[in-house]
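*Asks:* Residue numbers (our numbering), protein chains in the order written: chain V, 88 to 446; chain D, 204 to 519; chain F, 121 to 549; chain R, 764 to 1120.
Everything labelled a hint here was simulated from the structure, so no lab data went into it.
Hints should not be assumed to be uniformly reliable.
Said to hold, decoys possible - Stretch-level coverage of chain R by chain D, calculated; a stretch enters the list once three of its residues show a Cβ under 8 Å from a Cβ in chain D: (1) 840-850; (2) 860-866.
Said to hold, decoys possible - Per label pair, the in silico range of CB-to-CB distance: (3) V/LEU413 / D/SER276: 47 to 57 Å; (4) F/HIS280 / V/LEU413: 42 to 52 Å; (5) D/THR431 / V/ASP116: 55 to 65 Å; (6) D/ILE210 / V/ASP341: 31 to 41 Å; (7) D/LEU301 / V/LEU413: 27 to 37 Å; (8) R/ASP1039 / D/THR431: 33 to 43 Å; (9) D/THR431 / R/TYR777: 26 to 36 Å; (10) R/ILE1041 / F/GLN255: 33 to 43 Å; (11) D/LEU301 / F/GLU195: 56 to 66 Å; (12) R/TYR777 / D/ILE210: 44 to 54 Å; (13) V/LEU413 / D/TRP381: 28 to 38 Å.
The beta carbon of each residue, even a glycine, is placed where N, CA and C say it ideally should be.
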Amino acid sequence: MSTKSQQSQTNRGRIRIEGFDAEAVEKRDPLSAWQPELETKEAKSRTYYAWRRFKRNRLALFGAVIVTAMVLLTVFARPWGLPEWIPYLGGATVQPFSLAAQDPATQDILVGYQPPTVEHLLNWPPSTLHIFGTDWAGRDLFARTIYGGRYSLSIGFIAVGVALLVGVPLGSIAGYYGGYVDEFIMRIVDMLYAFPFIVLAIAVITILGRGYWEIVLALIVVGWLSYARIIRGEILSVKQNEYVTAAKALGARDRSIIIKHIMPNAMAPVIVQATLSVGTVVLTAAALGFLGLGLSPATAEWGVMLNVEQDSMARGNWWAGLFPGLALFFFVMAINLIGDGVRDAFDPQGDKKGSGGFR
Amino acid sequence: MSLQRFILKRGLITIPLLIGVSIMTFGMIHFIPGDPVDFITQFADLDPEVEDEIRSQYGLDQPVYIQYFNWMSDAIILDFGNAITTNRTVGAEIGDRLPYTLLMGSMAFLVTVVTAIPLGIYAAYHRNTRIDQVSRVFALLGVALPNFWLGLILILLFSSYLGLFPVLPPTGEGLLSWDMIRYTILPAVTIGTGATALMMRLMRSSMVEELDKDYVRTARAKGLPEKTVIRKHVVRNSLISVVTVAAIQVAFIISGSVVVEVVFSYPGIGRLLVERVQTRDFPVIQALVLIIGVFVIFANMLADIIYAYLDPRIRY
Amino acid sequence: MSDSEPLVRAEGLKKYYESETDFIDRLLGRRSWVKAVDGVSLEIQEGETLGLVGESGCGKSSVGRTLLQLQEATEGSVYYRGTDITELSSSELRDLRQDVQLIFQNPQSSLNPRLTISDIIGEALDIHDIVDDKQRRDKKIKELLDRVGLNASHANRYPHEFSGGQLQRIGIARALAVEPDFIVCDEPVSALDVSVQAQILNLLEDLQNEFGISYLFIAHDLSVVEHIADRIAVMYLGKIVEVGTPEELFSPPQHPYTEALLSAIPEPDPKWEPDRILLEGTVPSPIDPPSGCSFHTRCPRVIPPKDFAFEQTEWRSLLDLRLRIVDRELSLDKIAADSDSQGMDAALRDLFNIPQPLSDPQAEDILSEALSHLEEHDFEAAEEILSEAFVSPCSVHEPELQQIEHGRAACHLYDSRYDDGSIEPEVRP
Amino acid sequence: MALLEVEDLNVRFYTEDGVVKATNDLSYQIEAGERFGVVGESGAGKSVTSLALMRLIEEPGVVESGEIRFKGQNLLDLEYEEMRQIRGNEIAMIFQDAETALNPAYTVGEQISEAIRVHLGLNEEAAKERAIEKLESVGIPDAPQRYTDYPHQFSGGMQQRAVIAMALSCDPDLIIADEPTTALDVTIEAQILSLLEDICTETDTAIQLITHDLGVVAEFCERVMVMYAGHPVEMATVEDLYYNPQHPYTVGLMSSIPRIGDNRDRLQTIPGRMPDLIENPPGCNFHPRCPYAEEVCTRMEPPLVDVETGVELEEVASDQQTAACLEHTGDLQKGLDYTVTVREETSMEADGGVTDE
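Chain V on its own, in the form it takes in the complex:
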């Protein structure tokens, strides 16, 4: 600092106040026990606050309970063995429990379309334990419904997981590097977006044919688009933050900037979208099953079951289609509740409102 010359033409700065001794305050012992908030609270990350908000959201917890329960039901529906191709252990049973008394595939034409009645629930003859009734072939609907969850749920989680693995890296590259890479990737996304979700899935099925992994693949082809779009948009906005410039100014490499600074701050909306997508994907998979473009008609998949029973439902055998539909509905609803909860946890509108108008 240079010393300032005395004569200032502007006649500014005439007033001078001296004696307000800030250092004295810093040196003296605090007069009272009062401490600024920072001193009294423990260190908590934003993830912690998000988790706390999620836990407080009763609807979201309810959703989480339903999803967990359904996952457990499907896992313990029937015993579970390792695939045959694994050497030595092939065929070994890993999960020995069986919640469903009957095998979902056991037919008994004699009891076909047996409605669920109170009698069935109270009388406990082991052979007629059909609490959800039976379908046209006399197969136990309870067993079929909880066993059928294996298809829908696994398709949902696998397809969303893989779609994330495809969409997030592609979207990130597009968003971070921009330019021609961005143009190329996003134009492909735009083109695929021209086809409605299920139409595109049907088109892929047309090419690949039917089957479990074919459905999963079709749903991945359809699913990665939204993640790529969202993460790209998020990255474009996160990139504007000065902490990214700060990292560059420190000499950080691109890779470390993406991993450390950009991705953690851009992921929240993707996670929300992925959660909600599990619901959409399960619905679409069931719809494909319903349209006869999914698994084979004998499979206990929810959509397929509804397809097989649609005419008899219209004829009044309401239970034949009620339970698979309800299962589908509860699962998707629960997923949506969780998704909403996650969104509110990450983007606490309530908090912003909390101090809204106050400044």
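Got chain V; can you put chains D, F and R on it based on the hints?
*Replies:* Just chains D, F and R now, kept in the frame of chain V:
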């Protein structure tokens, strides 16, 4: 940027998109493992000569890009060749079905707009009250209910038990006859439920966002009556952003119609698509996929242009 | 100024951004450039603070970022200790980051919300391998926090728990971690309250005294810069219009823009009687800056044209009228309707405070002719007449930074060649 | 009776983290035609005060107690419809950020004339004419043309002028200007301030100017209230406040602002930071940051008293100086120890307050 300029720009962006979509649709058949002739002949055992004849008849002996150009130049004049299963022209097949889907789609769209927008506005204005909670539950139901299952239940309830609507589609009636419209109500409502839930949510959130804007506070500070504040400054602005959502609705309704038409045995293009996928009638599938893709692209373009027209920041 | 090579020196620095053109424009080859920085030269000595002042959009932040090579310069060179850093490879640039650092305006957005304070400062240490083992790293972080006046026990907290002033201290600690010799401070106190602002300014000064760091201190507030800078550069529309020590800058003769800027700052002294210079209009767009001296459209001291005898205010009013005609920003119908039958000529003169008649009869003739064209709504003719007759060197020649009585300024007022308003500087006396 | 009398106003925000005490027993008056400043750092409760006057505090904020008398009438008692008639008509507001305060979907002109139509009952044509007049009066060139422009077509300074024109549209008696120039450059700020000053003198409108900039206050206002942590800590005419501050916080603020040409090498600072208004320090809220604080300050909450008599006043005359520091009630032992010097003029002693020694 002027509006004309915006339209020009938006139109120019659409061209490569259309080309891309057409190439993808055309390429579909070439991704399928196996010989295209087999699909045309339905895997019949034929002499190699006959096969070659079919090959040249369908232009399959030419290089791929020539095939594309031929297919595309025909497609532009809506000539998609003959359907394999029925041997009628694809154009005629689709022409028969398309009006029904348009009828159902527009009814569903109407249902959606008429219910979703007022409900969304109402919920947003009374946010965090019981009314808002109820609307949230409704939205959740709409999103989570599988539309094919909902359709089945509606048939069971309204057609089978109450007999309010016919179970089977009327035959021999015109498109806009009362019977046809009555028959279309249930499928339209089925699709509309999901679409309404989606749009209501978006309307609500866009309105909530608007309500927090500074200019709403300004309008209140000006002493405008609350009704004017909401109608003029909040609803109008949030409607502008909902226009874009309407385009998403189009895709959503098309998706829905594919499934719901099957549930109701409705004679539209959705059911046609599903039927022909099962019989592997590729010319029809290709034509339908292309038409749907082009339709969605134009719907999006239209929405963007309307948005630009409504938003003065783009208009001027 | 010393003769030795300055620590940082920029020469003819230009930074143009492509303005938001869409692809139709690109297709037609029409591109326009935002001239954020348009030929800036400056030098910063070791241990010196150079203040860079200007209004929003004048390009001061771009200068800072280009100096650090966070943005590529469109033209010009930046020398750090004599080497041209615009030529460096990316790995050499990374090494340079250990010597030059940046402090940001917005303390909230400049710290990653998902990292703890020790992660944030530690990153700087890790990138340049400043400490090798964890213990020394922790100790160094604590030292840094201590140095910037924060409680070292808060190292594992997250940014959202701190106030703006504390966050700014963390930002300073991060910059200090690599022990730089030069720091660009980009509006470091603008977002802070006055009491905290003073704390940060004092901290920056203490650090300078302790470590001999040089600063480029960017701000829009002259009173803040005056307190921290050894020299101040004033920017207007991408160019430096005046440089000097605070005393030089605040004592006349000055660049008219500096004068206006200074006079606009409200003084916290109710009895102070300002002799205020109110600038008309707003800063022109940097896409298409005015010809000649870019300040001439708002300057209260534009040199009058050579052949006329104008009063200064009269000339300024005339210039304003001309600029409005050029922009076609006159609703003649409304003016005519409001003129109370006194005629368009008089109404327009009224509006722009142009006397009737002008003090120079020759100029009066030209003006009345132009006004009569306006009466017929013929903007083009009026524009042509006025633009042809009244030409000032300020609108024709771009002034260069030159030595004036105090410091250096870029203004034709201090160039004897233009004293008479002539526009042909070749004809030297 | 003053134009505006605020008495013991308490505004609370019930947030997740606790109750935010945004204003605490706030009382002040504004006379007709007066230019009244409210100064304080961010979080001091300035804006809440202005929103409370308009009854525009939103969830989860509540006006807990107090009175706001405008022309003798308690605004808090009014029916919604009556209050609406006052808003924009008798009390108008200018917001900080003109860009967001204007609705992007309507023309600037329409946004001005809608208020005119509502309050003055003019028809479309007459309202438009009046709006254009107002636009002209705030110095917008070519107003008839600009009337049909949209906000995004205006520059920042012009937008702020339009917002001012909007506030003026119904000739209010009181304008509440909330940081009207903070978002603007100094040269534009100077234009806007001189415009506001002209308007006030011409139309005899009172202005409550909220700002954190002590320079703006000195230049524009006649009387000032300094706020700290939701409390008014000092109220005085600008001359008194700047030349003879009586509350340690005011003193701290005054000594920490950088002034051009004051030849100081180092700025003085106020240590620490403002409390978060949820859990305020006991006694005097300022004591943890105050160099003059004593043990008594942690126990007693200082009332706002006349600095000369040490008496709490029911009604404060406009030239009286009041401050909320125990020094003035005689409870402080060591007193305040600071000096105010004015260069090239006689040095004024303010050692330990004026009353005691």
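*Asks:* Take the C-beta atom of R/ILE1041 and the C-beta atom of F/GLN255, compute their distance, and say whether it sits inside 33 to 43 Å.
*Replies:* Cβ of R/ILE1041 to Cβ of F/GLN255: about 38 Å, so the range 33 to 43 Å holds.
*Asks:* Are there three or more residues in the segment 840-850 of chain R whose C-beta lies within less than 8 Å of some C-beta in chain D?
*Replies:* Contact hint for the segment 840-850 of chain R vs chain D: holds, 5 residues under 8 Å.
*Asks:* Is 26 to 36 Å right for how far apart the beta carbons of D/THR431 and R/TYR777 are?
*Replies:* holds (30 Å)
*Asks:* Quick check on a hinted range of 27 to 37 Å for D/LEU301 and V/LEU413, using CB atoms only.
*Replies:* About 35 Å separates the Cβ atoms of D/LEU301 and V/LEU413, which means 27 to 37 Å holds.
*Asks:* I want to verify a distance hint. Is the separation of the beta carbons of D/LEU301 and F/GLU195 within 56 to 66 Å?
*Replies:* The hinted range 56 to 66 Å holds for D/LEU301 and F/GLU195, with Cβ atoms some 60 Å apart.
*Asks:* That 28 to 38 Å hint for V/LEU413 and D/TRP381 (C-beta), does it hold up?
*Replies:* Hint holds: Cβ distance 35 Å, inside 28 to 38 Å.
*Asks:* Given that the segment 860-866 of chain R was listed as covered by chain D, double-check it with a C-beta distance under 8 Å for 3 or more residues.
*Replies:* Check passed, 5 qualifying residues.
*Asks:* V/LEU413 and D/SER276, beta-carbon distance inside 47 to 57 Å?
*Replies:* Given range 47 to 57 Å: holds, Cβ gap about 51 Å.
*Asks:* Just tell me: holds or violated, for the beta carbon distance of F/HIS280 and V/LEU413 against 42 to 52 Å?
*Replies:* holds (43 Å)
*Asks:* Okay, R/ASP1039 versus D/THR431 on CB: inside 33 to 43 Å?
*Replies:* holds (38 Å)
*Asks:* Look at the Cβ atoms of D/THR431 and V/ASP116 and judge whether their distance stays inside 55 to 65 Å.
*Replies:* Given a distance of about 59 Å, which is inside 55 to 65 Å, the answer is holds.
*Asks:* Between R/TYR777 and D/ILE210, does the beta-carbon spacing fit 44 to 54 Å?
*Replies:* holds (50 Å)
No hint from the list above goes unmet by this structure.
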